[in-house]
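**Student:** Each chain is listed here by its residues.
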Amino acid sequence: MMEKIYLDNSATTAPCEQAVRAAEYAMTTCYGNPSSKHQLGTDAAGLVSAARKNVSSVLGCASEELFFTASGTTANNTAIFGAYEKLRRSGNRIVTTSVEHASVEEPLKRLEAAGVEVIRLRVGADGKIDENELFNAVTKDTILVSIMAVNNEVGAIEPTAAARRAVKRSGSRALVHVDAVQAFGKIDVRPSLCGADMISVSAHKIHGIKGVGALYIKKGTNIKPYVLGGGQENNMFSGTEAVPAIAAFGAAALESADAGQSLERLASLRDGFVSRLRAAGGFEINSPDDALPYIINISVTGCPSEPVINALSQAGVYISAGSACKKGHRSHVLTAMGISPERADCAVRISLSRSTTREELDFAFDELVKIKDRIKR
Amino acid sequence: MKEIILIKDGELALKGLNRSTFEDVLIKNIRRSISGLGDFKYYKSQSTITVEPVRDNVRLDEAADRISRVFGIAAFSRAAAVSKDIDEILATAPEYLADQLSEASTFKVEAKRSDKTFPLNSPQICERVGEAILNAFGHLSVDVHKPDIAVSVEIRDNYAYIRGNQLRGAGGMPTGTSGRAALLISGGIDSPVAGYMMAKRGLELVGIHFASPPYTSQRSEEKVHSLLSKVARYSGKIALLTVPFTEIQEAIRDNCPEEYFTLVMRRFMMRISEKIAQKQGCAALITGESVAQVASQTLPALVCTDAAVNMPVFRPVIGMDKNEIIIISRQIDTFDISIQPFEDCCTVFTPKHPRTRPKLGDVEAAEAVLDIEALTDRAVEGAVLKLIEAE
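Protein sequence lines correspond, in order, to chains A and B. Just so you know, we're using numbering that gives the first Met the number 0 here: the first sequence kicks off at 0 and counts up by one. Just so you know, we're using numbering that gives the first Met the number 0 here: the second sequence kicks off at 0 and counts up by one.
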């Protein structure tokens with residue numbers, strides 16, 4: 000059987016063994032509803048609370064500041080709509096970037112249609128916003144600053160800590176939200192470091208399973224809940240807890256605790272891979288040099304991304320288009336970075352995990368070179 | 000009360016002595032389209048086909064919906080079948096047609112009595128039923144010329160049938176009564192519409208799709224499957240042959256002048272399709288081409304494409320605007336699938352400046368460097384068959 004080389008870890012990761020075991024245990028042994036008062040319910044509630052402890056300790060917050068949601072997307076939606084509901088009378092401006100994930104951009108679009116002024120900060124060729132522009136954009140009537148920690152398409156690390164400083168300087172009541180879905184479990188995004196009032200994370204990007212995310216909300220922030228119902232998650236996110244996914248999240252978070260070591264190793268793998276591509280010619284590197292090493296965005300010059308992905312898939316190597324590829328919908332991130340349409344159409348994203356090996360990247364490199372020579376006109 | 004479906008066949012009535020054969024095919028197609036929805040029996044008389052549930056296990060709503068897409072049917076209606084007893088008829092008519100009657104403001108009653116032993120004659124039946132309806136729906140008035148609803152009562156051999164307005168059928172000829180033809184289907188908007196239109200004229204469809212992995216993906220093949228499963232709701236199941244096309248497209252790219260890429264490719268598609276069509280017992284090819292829609296569909300380009308084959312090529316959307324084609328694709332529910340963004344073989348290696356007024360001789364010269372026969376034969380032999388059932 001052909002070996003699978005999975006390099007699409009920013010789309011989702013393979014669940015780690017501990018996560019699978021935790022989920023299985025929850026499904027087979029602790030299948031009660033955490034709200035039920037009997038023993039099975041209590042056991043399930045125990046799993047949720049243990050997972051909350053694990054995830055919050057890795058994130059660096061108190062467990063009562065962490066609320067499980069159904070995904071990174073619902074965490075982002077909860078943060079944005081919740082902050083807006085709380086502060087809509089204090090101002091009418093929201094500051095964000097032009098390279099956010101759709102789960103931030105789409106809620107903001109809706110608020111914009113309702114009359115909120117949304118400022119989308121430009122990024123440079125390195126994919127990063129300019130701190131001075133951020134300081135100028137955050138005014139007294141700003142109610143929310145939402146900035147992603149790591150860009151999902153190119154891996155650019157945004158200066159999220161500057162958001163807190165900008166808010167302080169402006170004297171506004173604005174809350175700071177950080178979408179840390181691509182950063183959590185890889186680099187330190189503890190609230191004290193990035194100065195955020197709210198941080199969104201997701202389980203399946205760190206070898207958990209799909210169907211659960213979490214939102215950190217700083218104690219005393221009191222945003223308005225966005226999903227209403229039975230009052231689960233301290234009323235912040237109603238709906239019966241996805242106990243197996245939550246338990247798996249807790250297990251996966253613990254496994255990512257030594258992320259610092261992986262980071263160094265992957266940086267060296269990435270650097271080697273990128274320099275081989277540069278030496279081979281015919282590739283353009285779209286990720287900035289100081290990007291998170293987990294994400295390598297490149298363009299195979301003259302080769303549209305779809306055939307490249309298909310051909311790699313035939314060879315057992317799984318990667319993504321520059322971002323969720325839609326014909327006619329060019330990557331807004333690459334466009335914002337000033338990358339030409341022709342080059343953006345040829346962009347693919349290779350995304351690593353802590354278990355990616357040099358051999359896997361070498362194989363991917365060899366295949367990429369073959370494919371480039373075959374497909375390029 | 001028992002409910003049945005009454006079907007009026009369409010143009011079939013014009014077909015003279017062949018009519019019975021056509022009707023048999025139509026019944027077979029109806030039977031096939033509603034198979035799995037319960038046990039029915041079928042009978043025909045006086046250009047009406049009756050579909051009658053045998054047991055209570057039938058899904059009649061779904062059956063009526065599927066019958067609305069069977070070609071060869073001019074009109075159909077659901078009817079209540081009651082015993083031939085005037086009291087039962089009078090009790091059933093207002094109740095059975097309550098939904099339609101309460102929305103209408105005018106009505107009339109028509110009666111037909113093929114069983115002459117029934118004690119009331121047609122005018123008498125009309126009068127009694129009309130009276131019963133007026134008693135139940137006081138807001139209605141009678142209009143014999145242009146009523147909102149025409150209530151019809153037919154006294155037949157076994158039952159009395161009561162029905163309201165007829166629904167329009169899919170029209171056309173029963174699929175299969177005109178023979179078989181091969182549809183070249185890409186995944187775009189036009190070819191499923193072309194297939195639908197020709198199936199409507201009674202042609203049984205065989206699908207031919209060209210796949211060029213890795214330039215095209217598994218998903219684009221699945222997209223073609225979904226499109227055909229929509230068309231199959233009208234045409235009945237479709238045999239799809241997926242042709243490996245990568246070798247040919249790469250050979251064209253590497254050896255032919257760029258401005259002729261698309262035309263040389265189209266000619267290969269036609270040759271391969273003709274061979275497959277012959278093997279499959281098809282007498283014609285069907286494409287979704289429309290004059291001047293794209294560079295490869297200008298008149299000179301179509302002339303070059305046509306010259307590659309001897310079989311007649313049907314292009315039912317040839318004179319239609321894109322918007323007109325889209326209207327049909329929405330009707331048959333293929334539009335939303337067609338616009339899914341996957342590369343198909345027609346969008347691979349698109350020349351920057353294609354020839355819009357090609358001369359046949361130049362195209363032939365452009366492709367002469369290739370081993371046309373060997374490439375064509377390999378593609379035909381590599382074709383993979385899959386049966387696509389109605390969705």
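Honestly, I wouldn't trust all of these hints.
Claimed, not checked - Label pairs and their computed distance ranges (CB to CB):
id: 1; chain 1: A; residue 1: T300; chain 2: B; residue 2: R218; range: 43 to 53 Å
id: 2; chain 1: A; residue 1: K218; chain 2: B; residue 2: E388; range: 32 to 42 Å
id: 3; chain 1: A; residue 1: K52; chain 2: B; residue 2: D64; range: 36 to 46 Å
id: 4; chain 1: A; residue 1: D187; chain 2: B; residue 2: R218; range: 48 to 58 Å
id: 5; chain 1: A; residue 1: T220; chain 2: B; residue 2: K236; range: 53 to 63 Å
id: 6; chain 1: B; residue 1: S34; chain 2: A; residue 2: A13; range: 50 to 60 Å
id: 7; chain 1: B; residue 1: P340; chain 2: A; residue 2: A13; range: 25 to 35 Å
What the hints assert, rightly or not - Only part of the chain A face toward chain B is listed, based on derived beta-carbon distances under 10 Å:
id: 8; residue: E116
id: 9; residue: I118
id: 10; residue: T300
id: 11; residue: P303
id: 12; residue: P306
id: 13; residue: I308
id: 14; residue: N309
id: 15; residue: A310
id: 16; residue: Q313
id: 17; residue: H328
id: 18; residue: V368
id: 19; residue: I370
id: 20; residue: I374
Unchecked claim - With a cut-off of at most 30 Å between alpha-carbon atoms, the simulated DSS-like pairs for lysine-lysine come out as follows:
id: 21; chain 1: A; residue 1: K369; chain 2: B; residue 2: K351
id: 22; chain 1: B; residue 1: K236; chain 2: B; residue 2: K278
id: 23; chain 1: B; residue 1: K40; chain 2: B; residue 2: K145
id: 24; chain 1: A; residue 1: K375; chain 2: B; residue 2: K7
id: 25; chain 1: A; residue 1: K127; chain 2: A; residue 2: K108
id: 26; chain 1: B; residue 1: K385; chain 2: B; residue 2: K351
id: 27; chain 1: B; residue 1: K385; chain 2: A; residue 2: K3
id: 28; chain 1: B; residue 1: K199; chain 2: B; residue 2: K358
id: 29; chain 1: A; residue 1: K375; chain 2: B; residue 2: K358
id: 30; chain 1: B; residue 1: K199; chain 2: B; residue 2: K107
Just so you know, the hints here were simulated from the structure itself, not pulled from any lab data. Being a predicted model, the structure only gives us computed values, none of them experimental. Note that the Cβ used here is the ideal one computed from N, Cα and C, for glycine as well.
**Student:** With reference to the structure, classify each hint as holding or not holding.
**Tutor:** Now the hints, each set against the structure:
{"no.": "1", "hint": "T300(A) - R218(B): 43 to 53 Å", "in the structure": "violated, 25 Å"}
{"no.": "2", "hint": "K218(A) - E388(B): 32 to 42 Å", "in the structure": "violated, 58 Å"}
{"no.": "3", "hint": "K52(A) - D64(B): 36 to 46 Å", "in the structure": "violated, 55 Å"}
{"no.": "4", "hint": "D187(A) - R218(B): 48 to 58 Å", "in the structure": "violated, 38 Å"}
{"no.": "5", "hint": "T220(A) - K236(B): 53 to 63 Å", "in the structure": "holds, 59 Å"}
{"no.": "6", "hint": "S34(B) - A13(A): 50 to 60 Å", "in the structure": "violated, 43 Å"}
{"no.": "7", "hint": "P340(B) - A13(A): 25 to 35 Å", "in the structure": "holds, 27 Å"}
{"no.": "8", "hint": "E116", "in the structure": "violated, 33 Å"}
{"no.": "9", "hint": "I118", "in the structure": "violated, 31 Å"}
{"no.": "10", "hint": "T300", "in the structure": "violated, 16 Å"}
{"no.": "11", "hint": "P303", "in the structure": "holds, 8 Å"}
{"no.": "12", "hint": "P306", "in the structure": "holds, 4 Å"}
{"no.": "13", "hint": "I308", "in the structure": "holds, 8 Å"}
{"no.": "14", "hint": "N309", "in the structure": "holds, 4 Å"}
{"no.": "15", "hint": "A310", "in the structure": "holds, 3 Å"}
{"no.": "16", "hint": "Q313", "in the structure": "holds, 6 Å"}
{"no.": "17", "hint": "H328", "in the structure": "holds, 8 Å"}
{"no.": "18", "hint": "V368", "in the structure": "violated, 15 Å"}
{"no.": "19", "hint": "I370", "in the structure": "holds, 8 Å"}
{"no.": "20", "hint": "I374", "in the structure": "holds, 7 Å"}
{"no.": "21", "hint": "K369(A) - K351(B)", "in the structure": "holds, 25 Å"}
{"no.": "22", "hint": "K236(B) - K278(B)", "in the structure": "holds, 18 Å"}
{"no.": "23", "hint": "K40(B) - K145(B)", "in the structure": "violated, 34 Å"}
{"no.": "24", "hint": "K375(A) - K7(B)", "in the structure": "violated, 58 Å"}
{"no.": "25", "hint": "K127(A) - K108(A)", "in the structure": "holds, 21 Å"}
{"no.": "26", "hint": "K385(B) - K351(B)", "in the structure": "violated, 35 Å"}
{"no.": "27", "hint": "K385(B) - K3(A)", "in the structure": "holds, 28 Å"}
{"no.": "28", "hint": "K199(B) - K358(B)", "in the structure": "violated, 35 Å"}
{"no.": "29", "hint": "K375(A) - K358(B)", "in the structure": "holds, 29 Å"}
{"no.": "30", "hint": "K199(B) - K107(B)", "in the structure": "violated, 33 Å"}
The structure is inconsistent with the numbered hints 1, 2, 3, 4, 6, 8, 9, 10, 18, 23, 24, 26, 28 and 30, although it conforms to all the rest.
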